[in-house]
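Using the sequences and the hints given, assemble the complete structure.
Start counting the sequence shown at 849; every next residue gets the next number (our numbering).
Read the hints as simulated data drawn from the structure, not as lab findings.
Small disclaimer: the values here were computed from a predicted structure and weren't measured.
Derived lysine-lysine pairs resembling DSS-like cross-links, with alpha carbons at most 27 Å apart: (1) 970 - 886; (2) 886 - 1171; (3) 1014 - 1172; (4) 1064 - 1171; (5) 972 - 1014; (6) 1021 - 1170; (7) 1184 - 1098; (8) 972 - 886; (9) 899 - 886; (10) 855 - 1014; (11) 1014 - 1170; (12) 1172 - 1151; (13) 1171 - 899; (14) 1124 - 972; (15) 972 - 899; (16) 1170 - 1151; (17) 970 - 1124; (18) 1098 - 1151; (19) 1170 - 886; (20) 1170 - 899; (21) 1184 - 1172; (22) 920 - 886; (23) 1172 - 1021; (24) 855 - 1064; (25) 1064 - 1170.
Beta-carbon label-pair distances, calculated as ranges: (26) 1170 - 913: 33 to 41 Å; (27) 1018 - 977: 14 to 22 Å; (28) 1113 - 1018: 42 to 50 Å.
For every residue, glycine included, the Cβ atom is placed at its ideal position computed from N, Cα and C.
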Amino acid sequence: MENGQLKLIDVIEEMCIQKDIRLGPMRVALDIMNADVKTLTLDHTVQRCLKFMEGRRVRHVPVVDLPYGGGKKPYFIGIVSQRDMLRLNAPDAKETDKQKTDKQKIDRRALRQLLVQIVARKPKSVSLQTPVQDAITVMISNHIDMVPVLDNGNLVGIITTTDLMKLFFRLDKVIHRLCQELKKGAPPVDIASESSAKAEILFSWVFRGVQEIMTKHVICLEPQDNLARAIEVLQTEEFRHVLIMDEQGKFMGLVSDRDILRNLPFAGRRPPSSPKRFREHLFAIDSWTKSLQLPLDSIMERKVLHILPGCSVCEAADILYKKKISCLPVIDEQEKLRGIVTATDLMRALLAAYEPAEAESEEPTADRLRLTVGDEQSVGGG
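Right, dumping it as structure tokens:
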């Protein structure tokens, strides 16, 4: 193997063989997927789906159709996500008593809806032998947090961002086991003597800081901006979070696509055609709807966990995994926003473990944006 084509995963597997360390497979979807998949059917209601998600603490539910007669396997139809569910309930504390009564009627109607009306059919999927890097690429490029694994059309597993986090930790754990003597500041002597290129690959993975993977180009809004403006930013830039800054540039909080969906009015069945814009079917709303005028100050999350620029990538991943959150603003000791680390950034970092070291790009993850955090003209965010 030429040094220019070295991949972290290759280096790890080779060294595990040399050191007689057992390493489970982590090359294809079969190796990392969750095979214990629980499903619902087209005839289940939204209310049942909500209870299912809450009870199992999941954000995605595969939906199947049960064929008539025995002997046939359930036919995989599609996916219902937590975002679909959020759009079905939209309580508003500012409503009048009459409006609240009307809303309760709408909520009951929403809860009675069958999943056949809202399921996302024919979602992006992978096979058992799909390489891990291809599965990650599918998730990143399609802005999805879960991909079903199919075998001859049958659902045999799923891969979620949680499964990818677990894979991230597996890699990190085995690298530290291989290099127990690794000290910050210098690669291990015994590995360096074998191959400086291999040592450098391991060394760079262990000691990566979030500044290496975070999104530095971000879009920020102000507390007085409204829901309509946030939707516009998220759809245009294909983001899931927008950060909120005051006029002095101090970080105040964030608004996620889920926060927005919680504050949009009831939406019925999913449209049959594929969306042409990011989150099109979820953000679909009449322009005159009052919800669009809600100031972000009234819906934003204020108590937001954040990290310092010197935080390691693995520490950031650990926080996201344990707290079950999808982003971490990166703020320096002067309370100045430096960027944001998202679950997508970590998926890209994991993807690098399966690519040749020379292929790693130093371009910003959101290089299509014109404005940068710290630019005085920026409305900034991520």
